[in-house]
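Chains as they are written, first to last, in my numbering: chain A, 1 to 249; chain B, 1 to 215.
A portion of the hints provided could be inaccurate.
List of simulated lysine-lysine pairs, BS3-like, C-alpha gap at most 27 Å [as the list claims (entries may be wrong)]:
#1 B:Lys100 <-> A:Lys174
#2 B:Lys100 <-> A:Lys103
#3 A:Lys45 <-> A:Lys104
No lab work stands behind these hints, which were simulated from the structure alone.
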Amino acid sequence: MAINTDKNTYTIAFAAVMVVIVGALLAFLASALSAKISENERLEKQQNILYAMGVNENEGSGSVSFIGTDKVAEAFNTYIKDQLVLEGDKVTSNDAAYLIDLKKEESNAKAGKARRLPVFVGEKDNKEFYIIPMRGKGLWDAIWGFVAVDKNMIVQGVYFDHKGETPGLGANIKQRYFMDDFIGESILNNGNYVGISVAKGNNDPANELKTDNEVDALAGATITGDGVSAMIKQSISLYKPFLQTIASN
Amino acid sequence: MGILSKKDAALILDPLADNNPITIQVLGICSALAITAELEASIVMAVSVLFVMGMGNVVISLMRNIIPSKIRIIVQLVVVATLVIVVDQVLKAFAYELSKTLSVFVGLIITNCIIMGRFEVFALANGPKRSFLDGIGNAAGYGFILVVIGFFRELLGSGTLLGIKVLGDPIEKTGLYAFGYENNGFMLLSPMALIVVGIIIWVQRSRNPALIEEN
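One chain only, chain A, in its complex shape:
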């Protein structure tokens, strides 16, 4: 029996059935996989935080290598001594602080509601690290990351990631050679919390000068680089009161 596929009723019925089938399929898939996906995202966050404080499996000057997903939960417990949540002047300890959604907190702040700021205190080889999460805008979409400083406000490590920067250009902010440049830079300049800028003309491509609050930019990724600078600056200004108490101790 041939169906008359040109009839309006058929077209509408087809569209309706198609939407129901596709909707059901995707909804089923999303709910079936959501537990596994959020577990993956949780482990990734732990990996990123640990990466910033130098707990990773990097070798030589090669590529970024996180601590394995099988070991990360244990390492997170070992190295992260405390997870703090700053809310106004209040500082509370919270074991799930790393799960705080920065984007949500940002829109809370915009809506005039209280903003929670997570910060992680790590310890490795008798040295304390303060790891601050960051979030900002690149060229195409969100960029985010973590910066780990010691109590002298010297950067001990960073981690950057992005949602959709251009491969080969802006996407290189998550490459080792870019992130490693930040290590040893100070976020202070004459006592001011200025952060670190990604600079194009700093005449220091090998990044030997560690007191200039600048790292060498990526060619062809000016806007992403500016986004990174702005992100660091903004995050540091948010955490300034907290960082000041650490620095004065």
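Go by the hints and put chain B onto chain A.
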């Protein structure tokens, strides 16, 4: 070819050369420009399109007799979008690292005009087996050009291949760089991809003059 008849084999082989979707039909250029700055990204994109196109062509072909012609384009879009989301979700659950590399391409796969073009021209008029072969063939033709462009852009633009420094270290001046060689930053920008595509088209047509259209 054994299993495949001559006609079926042509479905796979034609798009690789004389009927290549990028160099002959000049389709799918947008993604060819956007993601070929690195060889790895080109390969990931090629594999993703191979999967989506093979599957999509089969699905459309199976439904070809019941799709209302008035909304066929919408149906095609829904099929591509669904497949891409399914792939993305499954990868996120079981191959999280890979899915992060791929996430940039999801949007680009959906808008790839080669996919829609093959649905419209081929899958709506042919059986599932032939459609599958056609999808695989065209995706392979597309992927092949992508990899070639990615190879040259990464090699000449960054001096690396798959992230490995094959020409030496530009900062420490080793390998080729010791002789004053410099990376060509232009190669990383999209316009150079277009020029590389142009060169491939030129080479291909001068080797086979039958491909040149008459005015």
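Each hint tested on the structure:
1. B:Lys100 <-> A:Lys174: Cα-Cα ~12 Å, so holds.
2. B:Lys100 <-> A:Lys103: holds (19 Å)
3. A:Lys45 <-> A:Lys104: holds (16 Å)
In summary, this structure violates none of the numbered hints.
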